[in-house]
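A.B. asks: So the protein sequences, as listed, match chains A and B. First residue of the first sequence? That's 1 in UniProt numbering, and the numbers climb one at a time after it. First residue of the second sequence? That's 1 in UniProt numbering, and the numbers climb one at a time after it.
Simulated from the structure, these hints should not be mistaken for laboratory data. Beta carbons: idealized from backbone N, C-alpha and C, even for Gly. Any given hint might turn out to be false.
Stated by the list, open to error - Pairwise CB distance ranges, derived in the manner of DEER restraints:
no., chain 1, residue 1, chain 2, residue 2, range
1, B, L303, A, M310, 48 to 58 angstroms
2, B, R282, A, E184, 28 to 38 angstroms
3, A, E256, B, T304, 16 to 26 angstroms
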Amino acid sequence: MAPQLTPDQYAALGRDLDALRQRVLADLGEADRAYILDIVKIQRALEVAGRGLLFLGFLPPAWLAGVGALSLSKILDNMEIGHNVMHGQYDWMRDPALNSRMFEWDTVAPAENWKHSHNYVHHTYTNIIGKDRDIGYGVLRIDPAQKWNPYYLGNPVYAALLAVFFQWGVMLHDLEAEKLASGEKKWSETAAERRRMWHKGVKQVLKDYALFPALSGPLFLPTLLGNMTANLARNLWAFAIIFCGHFPTGVESFTEEETADETRGQWYYRQMLGSANITGSPLFHILSGNLSHQIEHHLFPDIPARRYPMIAPEVRAICAKYGLPYNTGGLAKQLGSVFGKIVRLALPDRLTRAWSGTVETDRARRAA
Amino acid sequence: MAVTAGLRLLEALATPHGLDRYLELVHPMLTVRELRGQVTSVHRTTSDTVTLTIRPTRRWRGFRSGQFVRLSVVIDGIRRTRCYSPSTSEHRPGSFDLTIKAHDGGLVSRWLHANARTGLVVHLSQAEGEFTLDTARPRRVLLVSGGSGITPVLSMLRTLTDEGHDGEIVFLHYAYRRSDVPHLADLRALADRRPNVRLVLGYTDAADGDLQGFCTEEHLRAAAPWFTEAPAYLCGPPGLMAAVRAVYDGLGIGGLLRTEEFAPAPVAVDTAEATGTVTFARSGRRAPNSGRTLLEQAEAAGLTPEHGCRMGICFSCTSVKTAGRVRDVRSGETSTDPDEEIQLCVRVPVGDVTLDL
Numbered sequence: 001m002a003p004q005l006t007p008d009q010y011a012a013l014g015r016d017l018d019a020l021r022q023r024v025l026a027d028l029g030e031a032d033r034a035y036i037l038d039i040v041k042i043q044r045a046l047e048v049a050g051r052g053l054l055f056l057g058f059l060p061p062a063w064l065a066g067v068g069a070l071s072l073s074k075i076l077d078n079m080e081i082g083h084n085v086m087h088g089q090y091d092w093m094r095d096p097a098l099n100s101r102m103f104e105w106d107t108v109a110p111a112e113n114w115k116h117s118h119n120y121v122h123h124t125y126t127n128i129i130g131k132d133r134d135i136g137y138g139v140l141r142i143d144p145a146q147k148w149n150p151y152y153l154g155n156p157v158y159a160a161l162l163a164v165f166f167q168w169g170v171m172l173h174d175l176e177a178e179k180l181a182s183g184e185k186k187w188s189e190t191a192a193e194r195r196r197m198w199h200k201g202v203k204q205v206l207k208d209y210a211l212f213p214a215l216s217g218p219l220f221l222p223t224l225l226g227n228m229t230a231n232l233a234r235n236l237w238a239f240a241i242i243f244c245g246h247f248p249t250g251v252e253s254f255t256e257e258e259t260a261d262e263t264r265g266q267w268y269y270r271q272m273l274g275s276a277n278i279t280g281s282p283l284f285h286i287l288s289g290n291l292s293h294q295i296e297h298h299l300f301p302d303i304p305a306r307r308y309p310m311i312a313p314e315v316r317a318i319c320a321k322y323g324l325p326y327n328t329g330g331l332a333k334q335l336g337s338v339f340g341k342i343v344r345l346a347l348p349d350r351l352t353r354a355w356s357g358t359v360e361t362d363r364a365r366r367a368a
Numbered sequence: 001m002a003v004t005a006g007l008r009l010l011e012a013l014a015t016p017h018g019l020d021r022y023l024e025l026v027h028p029m030l031t032v033r034e035l036r037g038q039v040t041s042v043h044r045t046t047s048d049t050v051t052l053t054i055r056p057t058r059r060w061r062g063f064r065s066g067q068f069v070r071l072s073v074v075i076d077g078i079r080r081t082r083c084y085s086p087s088t089s090e091h092r093p094g095s096f097d098l099t100i101k102a103h104d105g106g107l108v109s110r111w112l113h114a115n116a117r118t119g120l121v122v123h124l125s126q127a128e129g130e131f132t133l134d135t136a137r138p139r140r141v142l143l144v145s146g147g148s149g150i151t152p153v154l155s156m157l158r159t160l161t162d163e164g165h166d167g168e169i170v171f172l173h174y175a176y177r178r179s180d181v182p183h184l185a186d187l188r189a190l191a192d193r194r195p196n197v198r199l200v201l202g203y204t205d206a207a208d209g210d211l212q213g214f215c216t217e218e219h220l221r222a223a224a225p226w227f228t229e230a231p232a233y234l235c236g237p238p239g240l241m242a243a244v245r246a247v248y249d250g251l252g253i254g255g256l257l258r259t260e261e262f263a264p265a266p267v268a269v270d271t272a273e274a275t276g277t278v279t280f281a282r283s284g285r286r287a288p289n290s291g292r293t294l295l296e297q298a299e300a301a302g303l304t305p306e307h308g309c310r311m312g313i314c315f316s317c318t319s320v321k322t323a324g325r326v327r328d329v330r331s332g333e334t335s336t337d338p339d340e341e342i343q344l345c346v347r348v349p350v351g352d353v354t355l356d357l
């Protein structure tokens, strides 16, 4: 359980992290540019190879290799490139092709909608119940502070559906369905978002499910299936990585009251306690878009992601200095923890209280 | 027709990234939408200038003499953009020359002087600018330049001679001394070949020029006795521009003078006090700098720029600063680059700033 810090400690924490941030920013340059351009080259090569191999889809090994290459291409495009570029991590390069305001990614969610709900809402109000719409994505009960109701009995089913149709879930997330249901927001107010979804969705569906299959002639169906499989693989992978970022046991949530007048140090504190890392190999980190360093990412969302593993030891030392936890573990451990939570929170609290001590709200534990 | 349809199909297959994002990986000059140029020769004409011959991609629409292009190169990972005027004739097919003077504080010019080599690929804009020869060519023309301002008027001279123009042309150029005059041999050869072209060199730091010291009415009379009756095209440092402008205005013939401001305006002094004016160019509003962040100042001016976190992490409020100096409130760093994207919520103006808002 994380300790509360004194005002002086919060201020010192803020200074330590600001200094670290400044040091990295001052060092950005050719190496960071070369890195992201290399990743882009690999992604485009995998994409071209994947699409090409599917034209030989009558050979099972070619079909499998094609789907594998295309899946990797979509994963790199969405995670290490798209997510990070759209955070403005490479805006300093002043390259329009890698600029947060112009980049589009290979998924149905339009960049502009996503940047609002992700960069602004989620990254500013991380893990504040009632403000961070990424807590359960308006669909799941993922934090004990969300009040149980019978709808949540379907929690595991909703999670499975969200995983399979993740790109569509991310797209629809920006409609803010829960606000539409509560009457807080009118359907007509979503016109701009819906227009962007329609335009982007049509282009993506046309490309993956009509044009490339049609171009492969007699192999229409194998190509269609291949593209669907690649999208599915990307969906499952992105879901797994993203759910491990904020939902493993030990990650804390916050209330609007306790975060009303946050200082910069307190904001950093919330970002550290509201995120969890995943350990793994360098390749694993790249394929996760370095979101395996969710803590570093939430502290410094606009610093190029390749820097996160480099600064992780220092962030961890800063955590230790202030007695704060640094939540990390292997993919299996973190995923298992998330799945356990999804199942446990499907049930009303009184049924699970005896079973586990973690059903108290994080806030209650922190206050205790 | 078939080409357009084919291109549209390819774009639909490449979505969302666009065809160029794939083609450029095969070769940086192989683009269908983006304009780029490849350096085909490099000449270091004086000790601090370099002349690049640039062959642009197919999308290049040509230029009119006097116009400029925006050229971008990557320096330490950052794409830097500067404006340069071609110095060659607008009638030369397939390529143009840029003559670039390495200024002491000039990041891009120094880099190009040191690093430009044959084969280098640069990003280009289409030609821009209103400083061009009148379409109905005047009989007599006075071309006045100083320092690196020589390039657009040299292009005018070469364009006119390519057109077989037989009216009188006076090319009056100011430099510190002879060794600072770019393209001097070319200029002399051209003047020798063409009886209607007269080359007049004014040196401010040497006595062996046709004229000495800074530009005066006497200089103009000596160079082109008819200057009060013919259009003049002027490009150079602020001092030369002001001096020539004063002569023309004093004689009541300001309408004959066509000018291009070449050097950037002097940078305001960095002080703790808020000075200057914030201009919101697109909405046409102006307000004195209050010292608060540009987001707050925009809102105070009645604008509603897109924004989010108001603390520099979400990039929702990123906007283009077209001119002026701003300070990052987090790091204290200042930047003066034109057409720079800045986060309004964490930048304060230092002196005059213009935003594309």
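A.B. asks: What are the numbers of the hints the structure violates, in ascending order?
C.D. replies: Structure breaks hint 1 only.
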